[in-house]
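*Asks:* Protein sequence lines, in the order shown, are assigned to chains A and B.
Its first residue numbered 0, the first sequence is counted upward by one per residue in numbering that gives the first Met the number 0.
Its first residue numbered 0, the second sequence is counted upward by one per residue in numbering that gives the first Met the number 0.
Errors might be hidden in some of the hints.
[Stated by the list, open to error] The calculated DSBU-like cross-link candidates involving lysine-lysine, where the alpha carbons are at most 35 Å apart (straight line), are:
(1) A:Lys182 x A:Lys54
(2) A:Lys182 x B:Lys1
(3) B:Lys323 x A:Lys157
Think of the hints as simulated: they come from the structure by calculation, not from any bench.
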Amino acid sequence: MITINEITIEIAGREIIYNYSEQIPAGSITAIVGPNGCGKSTLLAAIAGSIVPTKGTITIDEVHPALSTPAQLAKIRAMAVQNQFYSLGFTVRQIIEMAGPATKIMQALELSNIADRHVTTLSGGESQRVAIAQAVAQDTPVLLLDEPLAAQDIASRKRIIEFLQNLAENGVTVVVVVHQAEKDLTWADKVIKDFL
Amino acid sequence: MKRFLPALTGLLLVAAAVGSLSVGVTHIDGFWRELFHPGHNEILWQIRFPRVVAALLVGGALAVAGLMAQGACNNALAEPSIVGTSAGASLATVIAILFGVVQVGSLGAIAFGVLGALLATALTFRLASLRSGLSSFALIIVGIAVTAILSAVVGISTSMVTRADARSISFWNFGSLSLITNSNLLGILATTAIGIAIAFRIAPSLDRLSLGDATAFNLGINVSRVRIGALIALSIAAGGAVSTVGTIAFLGLAAPHIARFIYGPAHRFLVIQSAIIGALVLVLADTAARTIAQPNELPIGLVTSLIGAPILIALVAMRNTTWKTQ
Chain A
0 MITINEITIE IAGREIIYNY SEQIPAGSIT AIVGPNGCGK STLLAAIAGS IVPTKGTITI
60 DEVHPALSTP AQLAKIRAMA VQNQFYSLGF TVRQIIEMAG PATKIMQALE LSNIADRHVT
120 TLSGGESQRV AIAQAVAQDT PVLLLDEPLA AQDIASRKRI IEFLQNLAEN GVTVVVVVHQ
180 AEKDLTWADK VIKDFL
Chain B
0 MKRFLPALTG LLLVAAAVGS LSVGVTHIDG FWRELFHPGH NEILWQIRFP RVVAALLVGG
60 ALAVAGLMAQ GACNNALAEP SIVGTSAGAS LATVIAILFG VVQVGSLGAI AFGVLGALLA
120 TALTFRLASL RSGLSSFALI IVGIAVTAIL SAVVGISTSM VTRADARSIS FWNFGSLSLI
180 TNSNLLGILA TTAIGIAIAF RIAPSLDRLS LGDATAFNLG INVSRVRIGA LIALSIAAGG
240 AVSTVGTIAF LGLAAPHIAR FIYGPAHRFL VIQSAIIGAL VLVLADTAAR TIAQPNELPI
300 GLVTSLIGAP ILIALVAMRN TTWKTQ
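Sequences are here, hints too, so could you generate the full structure?
*Replies:* As structure tokens, this is what we get:
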């Protein structure tokens, strides 16, 4: 269970989120939906612990991300950022193995055929799938994904959603940021809109 | 073939070092016999040996320093002489020498060099991140500016001195291995070993740091701590090298790239292979510098550029998937 309790987040003097509370149930998929700049990625980063709320608290199963070390956080949550950029020519397998075992996850996300390709040569959709695979390989009870479907074709999109549903059925709490252009959200157990 | 490359590079290094010991202005009779009698032949053991060993250590140190600079900044252009490290080491050493506190190549000079390197590198990073987060662009611009200021102060300081040793200070500052003696080797060995040990320790974290600060944090990396560790390794390795043999540009930039092109981007392997390639290039460059125009000696920085740059250009032309910029 992720509990967001009356948080306000200001960045560079600008209020991004004001006095917002929410509960995200464990073992489910929650989609955070909204237009560009509405603060949905900021909310996800705050849950991940990389942004500390100006006011209020966030807890993941009683743990305060803002008060935890990066190593402690990496055991309870994993996150794939939006538009992951790769500067060094690691292979797809090497990137995923930085977080954990890669083989099964590469099969599930159709990455096995590009396992030995340099990540610097991947398309946007492939890069995003590698970022998702790396976050999943971290094997944490909470999985945070920032716009994982944005650069995917229809088949990959379907595969990712099925994969996330399977994770949620196995107890993983999945939180996904989705752009408002995404009309079909029936795959999510809970949808958070208009949270400003 | 690729799995034999590390052994091949190691063999090349040994061959280059032995070859370097064998050539010079004076011919050594019975070179192979003398090689196995340490201390017997004065030219071999008092002049060439310290010089070749220093080239190996300094080459390795500068290469690892460059690797740390590139890893910490996530920037392909970073190297000790661009982020202010070499200039800081140079200024601190020159001031200490001019005030008579230490002598060139002494342990005291190395201590001042490392301290100057740390302060200048920290200043560059502090200034580059004043307005927002640390951007690669700001780091390079600020690093070039800090280097220019510190180098100008070094130049002015040495120009104003009329002492007899001022010329040797200028000669040292442009990069030279000719002043090295056996008594200098312990200090440079210590800073090189410490720099490499820290680099090896933080290498896996640098792999993750290459994915960006946010992803590295999400993977459990304490980004600030890793970056500080890399800067300490960079400053110790480069500070020790610069305070002993002066500023040798380009090697810190080229050696990690050459190693990365051949062996891939994993930092733990790169620490060792960059050091070997840096050592190899500097031994070859120093051998060329002291033999091509005998009895004159060429500035070693020019020779390292002439050897390293074509290799780098050829590797970039052959493959372009090793380092991508945003």
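*Asks:* If a hint holds in the structure, say so; if it does not, say that too.
*Replies:* Each hint, compared with the structure:
Note on Lys182 (chain A) and Lys54 (chain A): the hinted pairing holds, with a Cα-Cα distance of about 33 Å set against a maximum of 35 Å. Using a Cα cut-off of 35 Å, the hinted pair Lys182 (chain A) and Lys1 (chain B) is violated, with the two alpha carbons roughly 50 Å apart. Between the alpha carbons of Lys323 (chain B) and Lys157 (chain A) the distance comes to roughly 30 Å, so the proposed pair stays at or under 35 Å and holds.
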